[in-house]
Structures are given as C-alpha cells and as structure tokens.
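Participant: Now for the letters of each chain:
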Amino acid sequence: MSNQATGDNQPQPAGLVSAAATRGTLTLAAAGLGKDFRLGPGHVLHAVRDVSIGLYCGAVVALVGESGSGKSTVARLLAGQEHPSAGTIWLDDQPVRLLGRRAFRRYKSEVQMVFQDPFASLNPAHTVRYHLERPVRLHRGRQSRQDVEQQAGALLEQVRLSPADKYLAKYPHELSGGQRQRVAFARALAANPRVLLADEPVSMLDVSIRLEMLSLLDDLRSRFQLAMLYITHDIASARYFADEVLVMYAGQIVDRGPAEEVTQQPAHPYTQLLVKSAPDPDNLGGALREVAKRGQQGGNGSVNGSSSQPAEGACSFSNRCPFADDRCRAEAPPLLQISSSRAAACWRLDVAAPSVYAGREGGGDVTS
Amino acid sequence: MSTDLGGPVSLPAQPGGHGRFAGEPVLSIRDLSVSYRTLAGDVRAVDHVSLDLNAGEVVGLVGESGSGKSTLAYGATRLLRAPAVITSGSVRYHGRRMDAPTDVLQLTAEQLAGLRWREIAIVFQSAMNALNPVLNVHDQLTDVIRAHLTLKRLEATQKAAELLEMVGIPRARLRSYPHELSGGMRQRVMIAMALATDPEVVIMDEPTTALDVVVQREILGQILELKERLGFAILFITHDLSLLIELADRIAVMYGGQLMEIGTAGEIHHEPSHPYTKRLLRSFPSLRGPRRDLTGIPGTPPDLLDPPPGCPFLPRCTEGTDECKKIEVRLAKVRSSIDPAHVTSCPFVLPDGADSLSGGRPAVAAATSQPSTEELKP
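Chains as they are written, first to last, in numbering that gives the first Met the number 0: chain A, 0 to 367; chain B, 0 to 377.
One thing to keep in mind: the hints can contain errors.
[Unchecked claim] Cβ pair distances, simulated, as ranges:
| id | chain 1 | residue 1 | chain 2 | residue 2 | range |
| --- | --- | --- | --- | --- | --- |
| 1 | A | Lys-165 | B | Arg-145 | 32 to 42 Å |
| 2 | A | Ser-202 | B | Asp-302 | 17 to 27 Å |
| 3 | B | Asn-131 | A | Arg-141 | 46 to 56 Å |
| 4 | B | Asp-292 | A | Ala-119 | 32 to 42 Å |
To be clear, the hints were calculated from the coordinates, so they are not data collected in a lab. Quantities reported herein were computed from a predicted structural model and do not represent experimental measurements. The C-beta atom is built at its ideal place from N, Cα and C for all residues, glycine as well.
With the rest of the complex left out, here is chain B:
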C-alpha cells in the first residue's frame, strides 16, 4: 500500500540515474506560491506550500472553496493561465520511466505535453462539463490515446473498449454520447480517460461530489481497486473530510492558501492537532455512533487579497490569542505524535503549554515551512 517511509526526503537526484529510489516521492511540491493578478492587487491563492506524493499513495487535500486546493493542483501541473502567476517554488516529478527527476515548472511547452497525461493525469470536477457533448465516448477516448501513445486506429479502439470495461461500463456503450450516460457513468468515463495512458500520478478534483452516495461509494471503491492494480498515486481534492479519512493514506488540510496540517488519515481522525482540523471534524453529521454536538465553523474564509496577519484561521479560531497575529505559518512536527510526518502549523497545540507559549517557541522557530526530515530532527 503506502510506501510512506516517514517524512519526505530531499536527496539530490542520482547522477547517471537508475530511476527513482525507494521512498522517493513521485511528485514533490516545494514552496509553491500562486497569485492571481487582479486590478485590486495580488490574490495569494497558494502561499508557500510543500507537499509530497509517494508512489502508489492516496493523499487527500481538503479545504473549503477558495482555500486554494484546486489552484495548488493546477499550479503544480501548470494548468493555470493568466491572471494566475506562479511566484515561487518547484515541482519535482520523478516517474518510474524516467532516469532523473524533472522540475515541472521549468519544462518547455513541448516537454510539458509529454508529461501531461502520460505521467500526470487529471480527473476534473464536473464530468457533466468535462466531456465533449458532440463527440461519442469512443472518439474522446481514442483522441486521448492516439495523442499520447503511438497506436493504430484499430488498436486505439480496442484499448478504448478495454478501458471502458475496466471501469465497469460495457463495451457496447463505446458509441454512446455523454447525454446518453448517467452521471456516474460519465464520471467513470472521465476516470477511464485519465487512466488511458497508464499515468503514475492521477489528480482527482472532487470527482464524486456531484454524485449520489451509493454511486459515489461504488466509484471510490473502483478507484482504490484500480490504484491497487495499476499502482498510480492519487492526489484527491475534496471538501469532504469524512470521505477522505476513509479513502486517503495521508491528508493535507488547507486553509487560506496555506497548509494547516498534514498527517495520516488515522492521525487526522483521532489526534487532530490544528484547531481548524478539529472544527472540520466536528462539522459533518455522522450516521453511526451516538449523536454528537455539531458546531460547524462560524465565520467566513479570509480575504486573500488582504490576508489577516499571522495565522489565517485566527478570525474563526476559538483558541486563538494575540500571539497568533504575529506567527508566521510554518509546518512543524506535532510534538505529541510519534510520527515525524505529522505536522501542524499551529504552534499552540503542543502539549507543554509553557514551553510553546513563551517567547522563543523553539519547535516552531527552528522549522521552516518545509517539513523535511533534516529540519525536524532534534
């Protein structure tokens, strides 16, 4: 399953190249910042975010609308266009078919075309709009296949049929148009299309949000099953934390363009450290177990045109103090956790209150925004 070997590693690529070494993340986003240039000023939608995706891993990216989660994913794959500008960072991709890692942000347009879909594929949010209504499923699938793989026409048709069957749609539906398919089937076609070229990373942007719970569950089960079989890694973007806890290996919580917490699904569920994560966990009704008190999160997300100083969650945080206005948001290891990869941006959740609240806040001050192992070692 997960090849997560603790914290992200930042070793240089091996010269000569024997492909990726064990434990090296397949996609490594470092210090990425994306701004939208508007007449009123820069909207910093993604603010110095670092995130790793290991081979075969499901990483969930959760946040409210406007938290920057989609911008992060599209920025990392360079799918954004003006007025969005990537202002800092690097995105290192190292696929198993590649000798050495490349920085996605430095690629030429031609190189990008080779990377997209072949290596990194995306399942877009709304399957209703992502499929072309005037082309049938066959034409759309073979279009992708022939653009990225060197296959003859008949072979491409054969491959398209196999892909459809792989996602549980009978071959006979190959000539169907999108309007003849149900919402769930359309989403399956989108998934088949993303997997057409055997990519190593699949970014899924709210792939099941518009679907029924029953269909949603079937599709998620199928995604996991395909992932086991084909071995791709998934960056799963959603605002539904309850779903992620069940689906993902690791979860990154995003708020106001910044990461608030990263941990395994179990850690996020049972030992959430950031107040925002805690509030998120208490904001969905549960079907099982006793009825809990639900609180929701009063207030609105920060205006990223003019972000508040310090922690972006402070205006909605019930545990915040004046200190929070002064902090710089940085991920640091959660002290109470034995897992060095469980990191949080809230310095006030550390168990020894005195030590964390007074002056220096050593644990936080020592760490930079990258939770790499070297920096986190005592």
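Just chain A, same shape as in the assembly:
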C-alpha cells in the first residue's frame, strides 16, 4: 500500500490492508485511539480502547455495533469533539492537534459530521437558510450576500431539495424527517469537507426513505470523493453501502474486513450474533419462534441484561459468548489477522468460525 500513513503509526494492525483502500488515498486515519471517561473517584469507563481506523477518499467504512459499544465516541473523537485519552489521529499524514479555535475550525472545514436525529440537530428557531448560510460564511471565506445565498441554494439542490427557494425560508418543523436529514447533509457539505462522519444518518427515518437517503449519501460520496465513516447498528445496510465493515463491541473493534465477507462469513461470535439477530423474511417466524422457545427454558443470562460482567482483563464478550473457555475469561484476545484484509479478536476462531479459520492465509496457528 503506497498510500498508508507513514512510519509505525498505521490505521490498521501491521500488514492488514483495508478493503476501502482500493478506492482512493488515505485521508483520515487513527491508530490506537482510546477514550476514558471518569465516572467518579477510581471509577473509569473505557469507552473506546485501541481503535485503529482508516478513512479513504471516495470509500465508505462502516462501524457497526450495539448502543453503548462506543461507536459514536469514535466518531466524536475523529470529529475533534473529544480529546482522545490515547492514540493519534492523522489528516493527510499530518498528526491532528486541535489547539485553539482557529485550528479547530480549520479541521472542521475538512471533517464534518452528520447526526442521527434530524429533529434534534437542527435549531427549531432558525430557518433552513440560516442553517446553510452560516457554515458557508464560516468556512468558505468572506463573500457577497448574493454569493452566499446562491451557494446555499446550490447546496439544497445537491441534496435533491428543489426548488431551493421553497425550502430556504422554511423552519425545521415544516419539514419531514427525510427533508430535515437532507438539510443536515447540506449543512455538512457547506464546509466543503473531505471527510464525512455519518452517525446513524438513517436510523431515525422510515424504511422506505432510508434507501433513498443512503443512495443520496453514496451519490455525494462519489461526486465529492468524500472519505466516509458510516455508523450504524443495522449490519444489513452496511453490507450494501460500505466497502469495509468494522464491528465494535464494548469499545473495541472485534471483527473487521470487506463488507461482503464480514456479513456473509462473520468470524467473531458477536458478529455472528448480530447477523443472526437481523430480521430474516425468508424464515417466516422460524428463527423468532426459536428465540421464544429458548427464552422459555430461561436461564439465558443475556436476556435480562444484568448478566455478570466479564472479569478484568478478560475478553469483553466472554460473558455472553457460547464458545468462551478459560483462556477467554482470563485474557483478552488482540485483533488476530485472518487474511490480508480480515481480522478478528477471538481466541476460539477455530471453533466459532471454522470455515473462516480454515480459509485463513498462511495456515499457521492463529493463537501464535
């Protein structure tokens, strides 16, 4: 890979090539990213631990995981909204240091974020015009009023809200959820960013609109060659939309690889659980009835959500994992490479995902 970050600071564990790298050059990268939140004296929450990620020009990397897994914290770290407790972020091979407002604003004009809830992310007291003209003025330099207005209109056209004049004067409450999210996209584009961090951009929207919004995002990605991070808990949409999928659990990346591979041959037991939990129309109730039956037998720790926490230093999934053994409960596995683009953090891959394990490159023992 010619376009990886130089030196030992790499967005992937050594030797791993992102499936997104074929699309373009590395734009935003992070290595060993960590974030701790102090909850009280002696009580620290490790929200994000040792996350390495690379966003490539014109490619989509999906970050999939349950709520509380730390995926939004990763986005906030990358967006410069939070200071990492550990690790480094690079923008175009330059380490990111956000000291002072000016540096922060310069960074913001490269890296923009779209939030989940379009009902909360737009100011109800301001019109669409205000939401778009302000970032245009802030990030595109001083210009005449007509120019600003013309650009705000052009932004709306880009997110397929036309005629723009009709929407500029509207307040958020006059727009549907999908239209609001389009305005949020337009606002992010107003800064002419090269990186777009989309934190669950479609999960608040209707199923019938989701696809349209994803195709709009895809269109913007290819038109502006955006490096995109797509955060979602819907692994099926990641399959269609992303180049590379990273699965996050309890603050760590546990499974990563090309989107199709991760979703079709999940390696980590947690990824398998995610895939199994997705609705399966072809099953017509079969799988759900099974869940119902299992629930009847009772004793399933994960059901009541109050199951025992994994021991300190153990694999964080070991308390819910059907394959966990003594080693899992004592020692957390690092991300182990399966192929040139695939890795999973699991000691028991040979049992959990025999087909993936058998197909790994090199053929040596993963647990070296």
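Dock chain B against the given chain A, drawing on the hints supplied.
Facilitator: This is chain B only, laid out in the frame that chain A set:
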C-alpha cells in the same frame, strides 16, 4: 396458532350469548374513518378502513410515518382527542369474558375505562417517555394492577414481581427507577405493564424500533412466547416490513390512510400484489442471500389535506395509468391467490389484464371496501 378461518365473518351476535364463537374475530374494525380538524381543512388520516384481529393472532400493520397506522389503532381504542374526530365506522370487540360483542365507539367513558387495559392494552412506541421518571417500576406496575383489578396492596406487589419475572427482569429490580434500566429493560417493563391485567388484545406501536437488533430480537421472541402462553392477540404496528414478515401471521399494508393489501405473511412476502407492497419489499437491504437491486420508493407520501384523486399511491407508482385516478380504493380478492382473505386495493394486478383493465372491472366493482366473505363469493 392462528385461528384464521379464511375471510372475516360478519355474523350477528348470538342473542343470550355463549361468548365468542369459534372463528369470530376478537376485534373487528369496520369502515373506520378518522379526520384531524385543522384550520386548513380536514386531514383524513384514516379513510374507511376495515380490519379484523382474530383471537391469538399477530396482525402486522405496516406503513410509512403519516400513513395513519397509529391513528387507526388509537382511533379504534378511542385514545385520540381533538382535533381528531372519528367520522364513520364501528369497532366491535368481543372478548372471551363477554357474553355479547360491544361497539367500542358507542361506549360511555365509564364503560371504556373497564375495557381499556382489562381487555385491550397498548404498548406505546417510546418506552423512554412512556414510563414516569419519578416513580419506580413497582409503583407504576401496582398502580395499573390496583386500578383495574381488585387486589390488596401486598397481592399487587406480588403480582408486579411475577410480571417482571415473566418478561425476564429479576424481581430485585422492582424498586428501580426508569433511568436505572436499559432501553430494552424499560421496554420489557412496558410489556409487563400491558400484560398486567391479562388483556385479550395487545396493541404494540413500534415497540422495538428504538432498540438494538440483538435486544429487539430477544424482546420479539419473548413477545411471541408470552402470546403462546397467555393467548392474547397482537396488533403490531411498525414501518419495518422485513420484521413483520417474520413475526406476523397476517399483514395489513397501509398507505395514505387506506389499506392497500392484506394477506398472510407468506403471501405478502412471496406473492405481493399491490405495487406499494412490492416497492416496500424492495426497499430494505437483506443480509442473507445474493445482493439484490434495491430501489426504495422515490417521492413523498400524499398530502392528506388534499389527497390526490383515485389511488393514493399513484404519484409514486411506476405501474400507474390514468385509469388509477378514477378508481375508488377498495379491497378485493387477489385473483391469482387461492386464499380469499388475500385482498388488494390495486385492480390492475389481476392476472387477466384485458378483463381487469377494460371498462367494468367486475371483480373490483362488485366488492365494497369490506372484504367480507359474502361479498367476495362469486
């Protein structure tokens, strides 16, 4: 499982009353219309909708936001308040504890209080907001129990603990406040609360939409398991058709305040007849099987203040013709289907194109908006 005996039956209640006869729906919505009176005019959110819910059945009601699915459910239980007005229809409820059916829309406030929760319970969409943040779970559960059942304080506490355990929350969490529970647990508390009085119909309004897929699946599995055990019927409202196909026995597809299609989950999945249903099916990404072409549904739902003439889906329909502007939306049997209860509002999906497109359209013209068996018999 499903006691669906084909089409809905509309026989009069038996005088004297021996309770519900076999195959009689527990809840029967007929020709229900609900409007919101606004300064700009009436918004017809639900337009002459008829739907049956059989005992122990899961009926899924699917549609986009603004399609009227929640208004239909709340209208049928009379939970709407001004400016919503029920302009037509009847809602017949016949529980196993009742001798004769009653029309929910005719009940007095007092009678309604007896019906709600005891007979028909609702799980609201957002468990985050539906629970009172300043009362603990115990107080909220016993409040419901003591309001609707005659139980002593200690018995109510005992019952509350049992309910919690039934939905998989340890008894020890009885004194927890909502903020101390995870989203999934809160939703489970809501379900426990709905089941507190052993109702016969449970309306679930997007109960799992805000939850994680893993938690969602656990809760849906649990709902099905409880349904098998306690025998209540579920009207499950959601916009996620992929979920319904797996969960529901029958599915009703709603658009623009009207029903577009009703069929079993298998029929909706494998032989959808209405163009809207077909488009819905192609608008969610699938995790399994080969990658499909996804199309979504371009366009926006109709403005119900000024609905387009004819079929409400016409502006977004790729198969529509000028004829569609003239039709009156009515459910009629899908001709290609062997199931008389598989009905659609699109007259142009019938297999014999000539017969259906020219003039009379007998199959449609003959049927009224109620797909009752008499009318559908040849």
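Participant: Can you name, in rising order, the numbers of the hints this structure does not satisfy?
Facilitator: 1
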